[in-house]
Amino acid sequence: MAIGPLARILAQVIVPVVAVLARALPAAYAQALQNAKKQGVNPAQATSMLRKTITQQEAFQILNLSESEASAEAIQKQYDKYMAANDVSKGGSFYLQSKVYRAKELLQEFEKGARTEMKKESNQSGSSNQ
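Residue numbering for the sequence shown is -30 to -1, 1 to 100, as defined by mature numbering (1 follows the signal peptide of the UniProt record, and there is no 0).
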């Protein structure tokens, strides 16, 4: 019967803590967004920071590429190199493999977008010359 009083004491401690956190966390998030706006960071950037996604610059650093050399072949080559180097079965790190994968994913989207943009520009310049 000693469990009953212990459970009641735990409940008396846990309920107020949860109530305080339920009020404090949204207020802290709103305050963080306000601070970000004051410092010149737009809300989308602040939200992405909270989501823990990597930036394009970080992706270039992870795969050891520069923006000028970001072709599909170069991205794939670096991806293969770093995935093999961090192979878990050879004592590598799954965490690092996931970072390499996310970097490849982001840079492939960037590279596709750059190609699409170049096609649009060439189509516009071709149609304006006629």
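The hints are simulated quantities; they were obtained by calculation from the structure and are not laboratory data.
Hints are not guaranteed to be accurate.
Label pairs and their in silico Cβ distance ranges [what the hints assert, rightly or not]:
#: 1; residue 1: A(-7); residue 2: E37; range: 51 to 57 Å
#: 2; residue 1: Q31; residue 2: Q94; range: 30 to 36 Å
#: 3; residue 1: G61; residue 2: A(-7); range: 30 to 36 Å
#: 4; residue 1: A(-12); residue 2: T23; range: 30 to 36 Å
#: 5; residue 1: M53; residue 2: A(-7); range: 25 to 31 Å
#: 6; residue 1: P(-26); residue 2: V58; range: 46 to 52 Å
#: 7; residue 1: Q94; residue 2: Q1; range: 28 to 34 Å
#: 8; residue 1: K89; residue 2: A(-12); range: 40 to 46 Å
#: 9; residue 1: V(-11); residue 2: A42; range: 35 to 41 Å
#: 10; residue 1: G62; residue 2: G(-27); range: 29 to 35 Å
#: 11; residue 1: L(-25); residue 2: K8; range: 34 to 40 Å
#: 12; residue 1: S38; residue 2: K8; range: 31 to 37 Å
#: 13; residue 1: L(-10); residue 2: G62; range: 33 to 39 Å
#: 14; residue 1: K7; residue 2: G61; range: 43 to 49 Å
Just so it is clear, CB atoms sit at the ideal spot from N, CA and C, and this is done for glycine as well.
Hints, one by one, checked against the model:
no.: 1; hint: A(-7) - E37: 51 to 57 Å; in the structure: violated (41 Å)
no.: 2; hint: Q31 - Q94: 30 to 36 Å; in the structure: holds (33 Å)
no.: 3; hint: G61 - A(-7): 30 to 36 Å; in the structure: violated (42 Å)
no.: 4; hint: A(-12) - T23: 30 to 36 Å; in the structure: holds (31 Å)
no.: 5; hint: M53 - A(-7): 25 to 31 Å; in the structure: violated (41 Å)
no.: 6; hint: P(-26) - V58: 46 to 52 Å; in the structure: holds (48 Å)
no.: 7; hint: Q94 - Q1: 28 to 34 Å; in the structure: violated (45 Å)
no.: 8; hint: K89 - A(-12): 40 to 46 Å; in the structure: violated (56 Å)
no.: 9; hint: V(-11) - A42: 35 to 41 Å; in the structure: violated (51 Å)
no.: 10; hint: G62 - G(-27): 29 to 35 Å; in the structure: violated (51 Å)
no.: 11; hint: L(-25) - K8: 34 to 40 Å; in the structure: violated (47 Å)
no.: 12; hint: S38 - K8: 31 to 37 Å; in the structure: holds (35 Å)
no.: 13; hint: L(-10) - G62: 33 to 39 Å; in the structure: holds (38 Å)
no.: 14; hint: K7 - G61: 43 to 49 Å; in the structure: holds (45 Å)
Comparing the model with each earlier hint shows violations of hints 1, 3, 5, 7, 8, 9, 10 and 11; every other hint is respected.
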